[in-house]
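So the sequences go chain by chain: A and B. Residue 355 in our numbering sits at position 355 of the first sequence; the count goes up by one each step and never skips. Residue 12 in our numbering sits at position 12 of the second sequence; the count goes up by one each step and never skips.
There may be inaccurate statements among the hints.
[To be verified] Negatives, chain B to chain A, calculated, CB over 10 Å:
1. N7
2. R11
3. V15
4. F55
5. K66
6. C73
[Stated by the list, open to error] Quick look at which bits of chain A chain B covers, simulated, 3 or more residues with Cβ under 8 Å:
7. 12-18
8. 99-109
9. 175-186
10. 299-312
11. 384-390
12. 485-493
Everything labelled a hint here was simulated from the structure, so no lab data went into it. Here the structure is a predicted model, which is why all the values come from computation and not from measurement. Glycine included, every Cβ here is placed at the ideal spot set by N, Cα and C.
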Amino acid sequence: MFLTEIPPAVVMFIGALMLLLSRGRVRWVVGLVVPALALTQSWVVITQGVNSSMMFMGMELSPVHVHPASAAFATIFCLMAGIGTLFALNQQRKAELPAAFVYAGGALGVTFAGDLLSMLVFWEVMLVSSAVIIWCGGYRQSYSAGLRYFGLHALAGVAMLIGVSIVAAARTSAGAPDPLAFVPFADMASGWSEVSLANAGRWLILLALLVCAAAPPFSAWVSDAYPEASVWGSVFLSAYTTKAAVFALIVAFAGFELLMWLGLFMAFYGIVYAMLENDIRRVLAYSIVNQVGFMLVGIGIGSELAIDGATAHAFAHIIYKAALMMAAGSVIYMTSRRNLSELGGLYRSMPVTLVCCVIAALAISAFPLTSGFTTKTMVDDAVAHQAHVLAASGEPRSTLILVWLGLEIASAGVFLHAGIKFPWFVFFAKDSGLRPKDPPWNMQAGMVVLAALCILLGVFPGVLYGILPYEAAALEYAPIVFDYSHVMKMLGLLLFSGLAFFMLLPMLERKRTITLDVDWTWRQFLPRFWKEIATPLAESALRVRDAAVTLLLKPLGESRSHSPVLRYVAGWSISAPVLVVVMMLLGYLGWMFLRGVGALPITD
Amino acid sequence: MDSLNYNTARRLRFVGLVILALVLVLDLFSSHKPHFAEYGFTLDALPWFYPMLGFLSTVLLVVVAKSLGILLCRKDHYYVSD
Numbered sequence: 001m002f003l004t005e006i007p008p009a010v011v012m013f014i015g016a017l018m019l020l021l022s023r024g025r026v027r028w029v030v031g032l033v034v035p036a037l038a039l040t041q042s043w044v045v046i047t048q049g050v051n052s053s054m055m056f057m058g059m060e061l062s063p064v065h066v067h068p069a070s071a072a073f074a075t076i077f078c079l080m081a082g083i084g085t086l087f088a089l090n091q092q093r094k095a096e097l098p099a100a101f102v103y104a105g106g107a108l109g110v111t112f113a114g115d116l117l118s119m120l121v122f123w124e125v126m127l128v129s130s131a132v133i134i135w136c137g138g139y140r141q142s143y144s145a146g147l148r149y150f151g152l153h154a155l156a157g158v159a160m161l162i163g164v165s166i167v168a169a170a171r172t173s174a175g176a177p178d179p180l181a182f183v184p185f186a187d188m189a190s191g192w193s194e195v196s197l198a199n200a201g202r203w204l205i206l207l208a209l210l211v212c213a214a215a216p217p218f219s220a221w222v223s224d225a226y227p228e229a230s231v232w233g234s235v236f237l238s239a240y241t242t243k244a245a246v247f248a249l250i251v252a253f254a255g256f257e258l259l260m261w262l263g264l265f266m267a268f269y270g271i272v273y274a275m276l277e278n279d280i281r282r283v284l285a286y287s288i289v290n291q292v293g294f295m296l297v298g299i300g301i302g303s304e305l306a307i308d309g310a311t312a313h314a315f316a317h318i319i320y321k322a323a324l325m326m327a328a329g330s331v332i333y334m335t336s337r338r339n340l341s342e343l344g345g346l347y348r349s350m351p352v353t354l355v356c357c358v359i360a361a362l363a364i365s366a367f368p369l370t371s372g373f374t375t376k377t378m379v380d381d382a383v384a385h386q387a388h389v390l391a392a393s394g395e396p397r398s399t400l401i402l403v404w405l406g407l408e409i410a411s412a413g414v415f416l417h418a419g420i421k422f423p424w425f426v427f428f429a430k431d432s433g434l435r436p437k438d439p440p441w442n443m444q445a446g447m448v449v450l451a452a453l454c455i456l457l458g459v460f461p462g463v464l465y466g467i468l469p470y471e472a473a474a475l476e477y478a479p480i481v482f483d484y485s486h487v488m489k490m491l492g493l494l495l496f497s498g499l500a501f502f503m504l505l506p507m508l509e510r511k512r513t514i515t516l517d518v519d520w521t522w523r524q525f526l527p528r529f530w531k532e533i534a535t536p537l538a539e540s541a542l543r544v545r546d547a548a549v550t551l552l553l554k555p556l557g558e559s560r561s562h563s564p565v566l567r568y569v570a571g572w573s574i575s576a577p578v579l580v581v582v583m584m585l586l587g588y589l590g591w592m593f594l595r596g597v598g599a600l601p602i603t604d
Numbered sequence: 001m002d003s004l005n006y007n008t009a010r011r012l013r014f015v016g017l018v019i020l021a022l023v024l025v026l027d028l029f030s031s032h033k034p035h036f037a038e039y040g041f042t043l044d045a046l047p048w049f050y051p052m053l054g055f056l057s058t059v060l061l062v063v064v065a066k067s068l069g070i071l072l073c074r075k076d077h078y079y080v081s082d
């Protein structure tokens, strides 16, 4: 009984510790076996329907709880930890892989969090460990990019903490039996604009989740930070934070329509930026924004089919995006170049990487017989289905036609920026003269496994449909996936998008540019504002003050420095009083804590 | 210098065009059920709707992205140099 209640996340945390302590082959075995154990533990928890509860400082927490979407997300999170480790076996840094395990464990913890506080704690675990992964990158920009990432996500974490506190307080005062429960915020869908304390809390939680889901205007961290991690680190990074946010949004905000519009915007935002980018991994980072957009549309619609679609798409996305990141990583690892404009013609010397990359690129484009086809079309069709259902119930929503059309256009755009552009400029296009070999065997193996999964899910989608939140809706959808009209629709859309790509090829030639995103505000505008406007202003203000002081004190003449009180005060340092105040605050905190856990009697 | 030699490129282009033509022909046999019939929106029931949508949206996206690029693109050491 006790064993089944161990959070699967803990398995990963113990694994991280073991990785840190082991060397050589033992480390390999630990790295590959632990994710398998975590997967087993996850499924024990899922099949037993565990719902653990524990008391902590007077709050009832539920660190292991099975949500409808837990099965799919936990499975892919564990799988990805194992396959990512396989890809990373040849990396030498001590901290990177353990950090990746802690990171995966954090994500796994979120998928099984039954209360908001556990969710928050696992979220912070993810934040710290992912920042460590970025800092392990070893590029010139890794440190500062990691700091920016950490700063933004720490702010999001604070917003989430405040949000959770407010929601819990509001629920307690409303007499809810379980104020911390991590359950759908059902009132949000109808009364989102209502000004109330509870709503403020929900909005803060939503805001924090949207930052982590890479929704604009806070999406720039993806393209800023992920490309600065190592080639192994970015594989892990691409899988967890944004998808854990998608999971949390599915649990708490399904059916909140705003997410649908935001998702549609993200889909296009990602495409436009990915088309303009030159750094391979920045292209892929923007395509994460684009793909999460599709998932948010599904969440915003909130019907059973749409939630299944969002979940399935997240599952498939983690696989093909990791495969693309691995292909990009292999190219960067073997050539030490990271820009499309410096690459090209690698198809001769890197055949394995080429094939895996093309399969993953087709999968992200939702080409028939690949995983994207069996998952993304689910979201597209959920939009049409929802319009149909609403019309039948007498509340037609014609705006859904726009959403649907937008998704179809965005599908063509995905093929354009990730499906063709990435493989074309890396492996074909102009010959860069480089003839790198395929990467070491373990990196090839990682890619091959993921490419095989892309095809497996594309040919036998039932494997995935069976573990989706609303199994019935998914299985009802399964027979129509490979309809003739369905397949022809995608083939027509994608192949003619490809035709346009090759016709417009001269316009798409890569130049050595970077595209400004919202992060320009804190990377360029604020520092320059500080340096060129705020500081000079402050300096002149100080000069004015000094002049005023001199002018005012002049009549006092020499007497000022002879005043005994002034001479006494001038000798004081500020550090001693600060220390005293800090000690007092710490003492107060400790006292309150002891009272809170019941070690001290509450007398007043 | 192109990475594919002239003959290979020509052959690939030919194969590509044949596939495109084949898709256009096969598309005619598709059922073309409109997704939003209740709303009076039946454009998607037209034959070759998706090929045209794919082509036109790609052109549109390239044009939009290129024009935004004029505003947003900087030399790639924009952030690093200072």
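Run the C-beta distances from V15/B to all of chain A and say if the shortest one exceeds 10 Å. holds (12 Å)
Chain B covers the stretch 99-109 of chain A, three or more CB atoms within 8 Å, holds or violated: violated (count 0)
Does the claim that N7/B lies off the interface hold, with its Cβ farther than 10 Å from every Cβ of chain A? holds (15 Å)
At a Cβ distance under 8 Å, does chain B reach at least three residues of the stretch 12-18 of chain A? Our answer is that it is violated, as 0 residues pass the Cβ test (under 8 Å) against chain B, missing three.
Are there three or more residues in the stretch 299-312 of chain A whose C-beta lies closer than 8 Å to some C-beta of chain B? With 0 residues close enough to chain B, the hint is violated.
So is R11/B really clear of chain A, every C-beta pair being over 10 Å apart? Given that every Cβ of chain A is farther than 10 Å from that of R11/B, nearest at about 14 Å, it holds.
Coverage of the stretch 175-186 of chain A by chain B, judged on three or more residues with CB within 8 Å: Not satisfied, violated; 0 residues make the cut.
With 10 Å as the threshold, tell me whether C73/B passes as away from chain A on beta-carbon distances. Not fine: 4 Å to the nearest Cβ puts C73/B too close to chain A.
Please check whether the beta-carbon of F55/B is more than 10 Å away from every beta-carbon in chain A. violated (4 Å)
8 Å C-beta criterion, at least three residues: is the stretch 384-390 of chain A covered by chain B: Answer holds; 3 residues pass the 8 Å Cβ test.
Taking 10 Å as the cut and beta carbons as the points, is K66/B off the interface with chain A? violated (6 Å)
The stretch 485-493 of chain A covered by chain B? Criterion: 3 or more residues, Cβ-Cβ distance below 8 Å. Three-residue rule met by the stretch 485-493 of chain A, so holds; n is 7.
Violated hints, listed in ascending order, are 4, 5, 6, 7, 8, 9 and 10; each of the other numbered hints is respected by the structure.
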